[in-house]
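Participant: Which chain is which? The protein sequence lines are C and L, in order. Throughout the first sequence, residue numbering follows the working numbering, covering -18 to 58 in sequence. Throughout the second sequence, residue numbering follows the working numbering, covering 482 to 822 in sequence.
Bear in mind the hints are in silico, worked out from the structure with no lab data behind them. Please note that a few of the clues may not be correct.
[Stated by the list, open to error] The calculated lysine-lysine pairs, modelled on DSBU-like cross-linking and capped at a C-alpha distance of 35 Å, are:
1) Lys692/L x Lys587/L
2) Lys692/L x Lys819/L
3) Lys673/L x Lys39/C
4) Lys740/L x Lys692/L
5) Lys39/C x Lys692/L
6) Lys50/C x Lys673/L
7) Lys39/C x Lys50/C
8) Lys740/L x Lys690/L
9) Lys690/L x Lys595/L
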Amino acid sequence: MSNSILIPADLWEGDAEAVITSWLVSDGAEVGQGDLVAEIMSEKAQFEIEAPASGVLKILEEEDAVVAKGATIGLVE
Amino acid sequence: MSATIKERKLTIARAMAEAMAQEMRLDPRVFVMGEDIGQLGGVFGNTRGLHEEFGSARIRDTPISETAFIGAAVGAASDGMRPIVELMFVDFFGVCMDAIYNLMAKNTYFSGGKVSVPMVLMASTGAGYSDAGQHSQCLYGTFAHLPGMKVVVPSNAYDAKGLMTAAIRDDNPVIYLFHKSLQGMGWLGTEKGATVAVPEEPYTVEIGKAKTVREGSDVSIVSLGAGVHHALRAAQQLEQQGVSAEVVDLRSLVPLDRKHVIASVRKTGRLIVVDEDYHSFGVSGEIIASVVEHDIGMLKARPQRVAFPDIPIPFTPPMEQWALPCAAKIVAAYQNLKNEE
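Using the sequences and the hints, build the whole thing.
Facilitator: And the structure:
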């Protein structure tokens, strides 16, 4: 089973991209559904990204990566 | 599936907020005041979530009047409360220094010990993102020089939470200086090494205790705040040259853990101090003096310092980066030291 960690398409207005500022859980570590796993920053607002399910985190986009709304940045397997 | 570990890392910003929230749940006397620390959650993210949980009575946004709200905090602390106040940038100390230094730091002395001032003054420090000379200083030496206040400077989220909890519980005034590049806010330039695993339960890191964050035998690199991360990168580069560097994180400036520094230099015989504050009359000179006064015979070479030159901090990025400490300058300082031996 795999659940994608997505940047929600309605997280902010406009088409600006964001940067992953922190992964708060290491690749391969266990996470619980709803756990805070990453922070991203768009212009001057910071947003929280939570785990969509419980399982093992697989990071697809590293810190400092530039990401758009709707992008998949990781998986919970 | 391989064995997995449940862990939770925090940025320094989140670690500070968590410490404040936990102490506020335990102690109704604790409250927070400052500019934009309420609904916005602090311009450096360190009060996020507090207004939502505790409301406007305990998380108080103030007008832009540092003299008034720091003075108010001194009064509240003297009357039995335990305020945490934020001076948004340490550079803004000028206007409110009377409240900080003649009231907060000295009221215990002036009252013959009858009045204690258990407050925390937190302020952001540091350069590197082109915010010019009035938003980029560290001023570690300025505050550490003046008696009557403890001064702490965390370099990672674990210490940030433990030092904040210790500062709130301390019956003395504590200056808590956090470096902007360690906060985990992208626009300030984020230092990855500052985001580390942090226990969920409350704990303290003792104020006045340094920590060896990397063991080594050839040279002691002593630093604080963001400088610790430059020192760790330099130690990695030196390792490739066959040099074993030890890195000491001061964590507190007042009280200063001179014993820890001296023990490290006794082992390695060489000392480099890395400080983002100005070169002269500051932390780097104090560390070197502490070692030399104790026993000059421990040193195999002249001590070196990598500090900010004695100039106002430039706005333009090439000039600012030229002036700031970095790993390459620390490695060069080691080469200087070896060339003289």
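Participant: Now tell me if each hint is right for this structure.
Facilitator: Do the hints match the structure? See the list:
1. Between the alpha carbons of Lys692/L and Lys587/L the distance comes to roughly 29 Å, so the proposed pair stays at or under 35 Å and holds.
2. Distance hint between Lys692/L and Lys819/L is fulfilled; the C-alpha atoms sit about 25 Å from each other, no more than 35 Å.
3. The hinted pair formed by Lys673/L and Lys39/C meets the criterion: a straight-line CA distance of about 19 Å does not exceed 35 Å.
4. A C-alpha spacing of about 11 Å is found between Lys740/L and Lys692/L, which places the hinted pair at or below 35 Å, so the restraint holds.
5. A distance of roughly 33 Å separates the Cα atoms of Lys39/C and Lys692/L; the hinted pair therefore holds under the 35 Å criterion.
6. For the suggested pair Lys50/C and Lys673/L, the alpha carbons sit about 24 Å apart, so the restraint of at most 35 Å is met.
7. Pair hint Lys39/C plus Lys50/C holds up; C-alpha atoms about 19 Å apart against a cutoff of 35 Å.
8. Among the hinted pairs, Lys740/L with Lys690/L is consistent with the structure: their alpha-carbon atoms are about 9 Å apart, no more than 35 Å.
9. Simply put, Lys690/L and Lys595/L have alpha-carbon atoms about 28 Å apart, close enough for the 35 Å limit, and the pair holds.
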